[in-house]
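2 protein chains.
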Amino acid sequence: MINIKPEDIEKRSFEIISEELKEKGIILDPINELVIKRVIHTSADFDYATNLVFSNKATLIGIEALKKGCDIVTDTKMAQAGINKRVLASLGGEVHCFMSDEDVAVEAKKRGVTRATISIEKAAKLNKPFILAIGNAPTALIELKKLIDEKKINPILIIGVPVGFVNVVEAKELIMETDVPYIVARGRKGGSNVAAAIVNAMLYQITR
Amino acid sequence: MINIKPEDIEKRSFEIISEELKEKGIILDPINELVIKRVIHTSADFDYATNLVFSNKATLIGIEALKKGCDIVTDTKMAQAGINKRVLASLGGEVHCFMSDEDVAVEAKKRGVTRATISIEKAAKLNKPFILAIGNAPTALIELKKLIDEKKINPILIIGVPVGFVNVVEAKELIMETDVPYIVARGRKGGSNVAAAIVNAMLYQITR
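As you go down the protein sequences, you meet chains A and B in turn.
Final position of the first sequence in numbering that gives the first Met the number 0 is 207; the numbers increase by one with none missing.
Final position of the second sequence in numbering that gives the first Met the number 0 is 207; the numbers increase by one with none missing.
Be careful, since some hints might not be right.
What the hints assert, rightly or not - Taking lysine to aspartate or glutamate pairs in the EDC-like style, the calculated list, with each CA pair at most 20 Å apart, reads:
(1) B:LYS76 with A:GLU120
(2) A:LYS66 with A:ASP100
(3) A:LYS4 with A:GLU32
(4) B:LYS84 with A:ASP100
(5) A:LYS84 with B:ASP100
(6) B:LYS10 with A:ASP7
(7) A:LYS108 with B:GLU9
(8) A:LYS4 with A:GLU14
(9) B:LYS108 with A:GLU149
(10) A:LYS4 with B:ASP7
(11) B:LYS108 with A:GLU6
(12) A:LYS76 with B:GLU93
(13) A:LYS109 with B:ASP100
(14) A:LYS108 with B:GLU6
(15) A:LYS10 with B:GLU169
(16) B:LYS66 with B:GLU93
(17) A:LYS76 with A:GLU63
(18) B:LYS4 with A:GLU14
(19) A:LYS4 with B:GLU93
(20) B:LYS4 with A:ASP7
(21) A:LYS84 with B:GLU101
(22) A:LYS36 with A:GLU6
(23) B:LYS109 with A:GLU169
(24) A:LYS84 with A:ASP70
(25) A:LYS109 with B:GLU120
(26) B:LYS36 with B:ASP70
(27) A:LYS4 with B:GLU106
(28) B:LYS4 with A:GLU169
(29) A:LYS76 with B:GLU106
(30) B:LYS76 with B:ASP100
(31) B:LYS84 with A:GLU32
As the list claims (entries may be wrong) - Covered stretches of chain B (chain A as the covering partner; in silico rule of three or more C-beta atoms under 8 Å from a C-beta of chain A):
(32) 36–42
(33) 54–60
Because the hints were derived from the structure by calculation, they are not lab data.
Values in this document were obtained by computation on a predicted structure and should not be read as measured data.
In this text, a Cβ means the ideal position worked out from N, Cα and C, and glycines have one as well.
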């Protein structure tokens, strides 16, 4: 056990991550480096060094939008809990999660689709710029692709990192076919913790 | 993309996990099987098939306590968000997270320790049986070991799954030296999502 002050633990963790990436011969794009390292920090999983895929300047686009006070829409209460809402609020943004809304539940049941699908429809009606951070539901990404094709939704950035075994891999590939800026965890891995870490990594590049 | 009803996605996911475990030649202890599979389900990471360590009958002890309405104390708002509180409440339990409490912050700052350390001290004063679910802070486990040795805290079960690079591996090994029942993710991996998945896996064995 090493003796370390609480405030130094994160710094030391990032140093270890940097050292081990170097040992593995992995060189990260400097633009995306802090996002990738924070995801590894939150998961202890170096797979994210290679499976995170960024569209051109996605991280910079996200940071610029957050600076201007954009909102975040996410598909889980866990991601909502994990995003640093104090920092986000200091920039003028807030986090929305529509998944537990009564109207969403009713509509989903009526149409036999997931609440995530209906949540994306609801996000499309927001009258403020927003980043989508999807950590759980591939159906959210499938609906999103449909609405993008129909020009009915216009997110600034899609953080597409659902985790799972059914339609998850394919749903993420769909998002990478769009013209909307994206950060996607290719393959099965991801999760609410990963979605929150990506948002926080962008926030901290503004405020730290 | 396969066409599947929302309510069948989880079932199909667990079937895929079972098939792939079989292909890998991994046979799970039936007592812990549903806990391990749910953690894989939440992370898409088969490492948990081998790194989750259970003390004797830990899962059964957790399930019995939850049946009797025990509470959960966790170290993150994310785990608190991820635990199925509706099901827990139906059994008479609730989730506590003391990390953002004003008194915890003040005391941690005063003593130069983490809020997680103080949160464990606060948990020790609960006058109701509880399970500890630690998904983030190794310092929580270190404090816990100390209080167990001093016979000042008596959790029914420790879910010790913090994630990280500094003192995390060692803190988890400490917990495995105690006589308290535990479920630990050996090594660096873990997280709030893993902690919540373990609790939910026990809850669902009671109510589904």
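Hints versus structure:
Taking the CA atoms of LYS76 (chain B) and GLU120 (chain A), the gap is near 27 Å; set against the 20 Å cutoff, the hint is violated. For the given pair, LYS66 (chain A) sits about 28 Å from ASP100 (chain A) by alpha-carbon distance, which is inconsistent with the 20 Å threshold. Annotation: proposed proximity of LYS4 (chain A) to GLU32 (chain A) is violated, straight-line Cα distance about 25 Å (limit 20 Å). As the CA atoms of LYS84 (chain B) and ASP100 (chain A) are separated by approximately 16 Å, the hinted pair is consistent with the 20 Å bound.
Of the pairs offered as hints, the one joining LYS84 (chain A) and ASP100 (chain B) holds, with about 16 Å between alpha carbons and a cut-off of 20 Å not exceeded. Restraint check: the Cα-Cα separation between LYS10 (chain B) and ASP7 (chain A) comes to about 43 Å, which exceeds 20 Å; the hinted pair is violated. The hinted pair formed by LYS108 (chain A) and GLU9 (chain B) meets the criterion: a straight-line CA distance of about 17 Å does not exceed 20 Å. Proposed proximity of LYS4 (chain A) and GLU14 (chain A) is supported: the alpha carbons are some 15 Å apart, at most 20 Å.
A C-alpha spacing of about 53 Å is found between LYS108 (chain B) and GLU149 (chain A), which places the hinted pair above 20 Å, so the restraint is violated. With a C-alpha separation of about 47 Å, the suggested pairing of LYS4 (chain A) with ASP7 (chain B) is violated against the 20 Å cut-off. A C-alpha spacing of about 11 Å is found between LYS108 (chain B) and GLU6 (chain A), which places the hinted pair at or below 20 Å, so the restraint holds. Taking the CA atoms of LYS76 (chain A) and GLU93 (chain B), the gap is near 17 Å; set against the 20 Å cutoff, the hint holds.
Distance check on the hinted pair: LYS109 (chain A) and ASP100 (chain B) sit about 41 Å apart at the alpha-carbon level, beyond 20 Å; violated. With a CA separation close to 11 Å, the supplied pair LYS108 (chain A) and GLU6 (chain B) stays within the 20 Å bound. For a cut-off of 20 Å, the pair hint linking LYS10 (chain A) to GLU169 (chain B) stands: about 19 Å separates their Cα positions. The suggested pairing of LYS66 (chain B) with GLU93 (chain B) holds, with an alpha-carbon distance near 12 Å, which does not exceed 20 Å.
As the CA atoms of LYS76 (chain A) and GLU63 (chain A) are separated by approximately 25 Å, the hinted pair breaks the 20 Å bound. Using a Cα cut-off of 20 Å, the hinted pair LYS4 (chain B) and GLU14 (chain A) is violated, with the two alpha carbons roughly 45 Å apart. Between LYS4 (chain A) and GLU93 (chain B), the direct Cα distance comes to roughly 32 Å. Violation of the 20 Å bound is thereby established for this hinted pair. Our distance criterion of 20 Å between C-alpha atoms is broken by LYS4 (chain B) and ASP7 (chain A), whose separation comes to about 47 Å.
Restraint check for LYS84 (chain A) and GLU101 (chain B): the C-alpha separation of about 17 Å stays at or below 20 Å, so the hint holds. Using a Cα cut-off of 20 Å, the hinted pair LYS36 (chain A) and GLU6 (chain A) holds, with the two alpha carbons roughly 18 Å apart. Restraint check for LYS109 (chain B) and GLU169 (chain A): the C-alpha separation of about 51 Å exceeds 20 Å, so the hint is violated. The suggested pairing of LYS84 (chain A) with ASP70 (chain A) holds, with an alpha-carbon distance near 10 Å, which does not exceed 20 Å.
About 48 Å separates the Cα atoms of LYS109 (chain A) and GLU120 (chain B), which puts this hinted pair outside 20 Å; it is violated. Restraint check: the Cα-Cα separation between LYS36 (chain B) and ASP70 (chain B) comes to about 23 Å, which exceeds 20 Å; the hinted pair is violated. Between LYS4 (chain A) and GLU106 (chain B) the CA atoms are separated by roughly 15 Å; this keeps the pair inside 20 Å, and the hint holds. Taken as a hint, the LYS4 (chain B) and GLU169 (chain A) pair is honoured in the structure, with Cα atoms around 17 Å apart against an allowance of 20 Å.
Only pairs whose Cα atoms come within 20 Å are accepted, and LYS76 (chain A) paired with GLU106 (chain B) is rejected, the gap being roughly 29 Å. With a CA separation close to 12 Å, the supplied pair LYS76 (chain B) and ASP100 (chain B) stays within the 20 Å bound. Our distance criterion of 20 Å between C-alpha atoms is broken by LYS84 (chain B) and GLU32 (chain A), whose separation comes to about 36 Å. With a threshold of 8 Å between beta carbons, the proposed coverage of the segment 36–42 of chain B by chain A holds, since 3 of its residues qualify and at least three are required.
Check result for the segment 54–60 of chain B against chain A: violated, 0 residues qualifying (beta carbon to beta carbon below 8 Å, three or more required).
Violated hints for the displayed structure, listed by number in ascending order: 1, 2, 3, 6, 9, 10, 13, 17, 18, 19, 20, 23, 25, 26, 29, 31, 33.
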